[in-house]
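Per our numbering, the very first residue in the sequence shown carries number 7; after that it's consecutive.
Hints are not guaranteed to be accurate.
Stated by the list, open to error - Derived Cβ-Cβ restraints for the label pairs, each shown as a range: (1) Ile61 x Pro154: 45 to 53 Å; (2) Leu180 x Gln47: 51 to 59 Å; (3) Gly268 x Pro198: 41 to 49 Å; (4) Arg39 x Ala222: 55 to 63 Å.
What the hints assert, rightly or not - Below, computed lysine to aspartate or glutamate pairings styled on EDC-like, alpha-carbon distance capped at 20 Å: (5) Lys234 x Asp178; (6) Lys234 x Asp176; (7) Lys234 x Glu247.
Please keep in mind that the hints were generated in silico from the structure rather than gathered at the bench. Cβ atoms here follow ideal geometry from the backbone N, Cα and C, with glycine treated the same way.
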Amino acid sequence: MTDLRRDELAAFLRTRRARLRPAEVGLPEGERRRTPGLRRQEVAQLAGMSIDYYIRLEQGRGPHPSRQVLASMARALLLSRDEREYLFRVAGETAPPAGGPSRVVPPGLRHLIDAMTETPAYLVDAAYQVLAWNRLATYFVGDLAAVPDADRNMIRWAFRQPATSSRWTDADTLRFVRSTVADLRAAYGRYPADPAIRELVTELLGTSPRFAQLWAEHDVEERRPIVKRVPHPDLGLLEFECRVLLVPETDQRMIVYVPEPGSPTQAAFRRVAERVGS
7 MTDLRRDELA AFLRTRRARL RPAEVGLPEG ERRRTPGLRR QEVAQLAGMS
57 IDYYIRLEQG RGPHPSRQVL ASMARALLLS RDEREYLFRV AGETAPPAGG
107 PSRVVPPGLR HLIDAMTETP AYLVDAAYQV LAWNRLATYF VGDLAAVPDA
157 DRNMIRWAFR QPATSSRWTD ADTLRFVRST VADLRAAYGR YPADPAIREL
207 VTELLGTSPR FAQLWAEHDV EERRPIVKRV PHPDLGLLEF ECRVLLVPET
257 DQRMIVYVPE PGSPTQAAFR RVAERVGS
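Could you put together the complete structure from these sequences and hints?
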């Protein structure tokens, strides 16, 4: 435990409360408010604490808040992962590790993926479980609506490929797979209590010598863009940059296949988009 920075904690709570609207936390808007944001009694109610105790925290006085109280306030104020860690830090505590990666798809991200009509895109969590995808992505990852949730995992797909598959002799594919395993290793460290990640790693260590070899190297890194060349049965040879965009507030990744402007691959994507949109 470190020192409680009361003034910083108080200011942080006030600013986080002021940015929230009642509808965001499931409360009615009610009568017109003189100041923006939630009322103090509303935050106290959402956090399950007394209004007097919460007021004293916002005024920079009162007792040292417990870890349980801090966790309750983080939930009530809809804090992001970074904000939650900051709240614990200024309160003189170390934030407990997150239980597991977020698998809730924010509405804005779902709308963004759907709006990318000429670009294949899909969203995965930190363990590469596919959470959402657009229509163009189904030409590469299949119709995931017909696939059980447990089988919608990119890493599991990769290492289920037979050892004789030509993909294992392709340099771009090998770089892609290696970086994915390294990213999974990073998630394994961030979420030590998540059973889904532990089960995935245990399964692949027992079924894939190639995965076991990469895992034993202990590489840890976040994904970087990789150029992929994919022979597609209907579209021919496609070449695009596989761009992995980190979503910090959920620790998710949006994977986008970005063709070079004016390239045959971009033209192929547009043809498919016109066909599925008609």
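To see whether the hints hold, each was checked on the structure:
Take Ile61 and Pro154: their Cβ atoms lie about 49 Å apart, and the range 45 to 53 Å holds. A hinted range of 51 to 59 Å for the beta carbons of Leu180 and Gln47 is consistent with their spacing of about 58 Å. Roughly 47 Å separates the CB atoms of Gly268 and Pro198, a value that falls within the hinted 41 to 49 Å. A C-beta distance of roughly 58 Å is found between Arg39 and Ala222, which places it inside the suggested range of 55 to 63 Å.
Under the criterion of a C-alpha separation no larger than 20 Å, the hint pairing Lys234 with Asp178 is consistent with the structure, at around 6 Å. For the given pair, Lys234 sits about 10 Å from Asp176 by alpha-carbon distance, which is consistent with the 20 Å threshold. Between Lys234 and Glu247, the direct Cα distance comes to roughly 6 Å. Compliance with the 20 Å bound is thereby established for this hinted pair.
Checked against the numbered hints given earlier, the structure satisfies every one of them.
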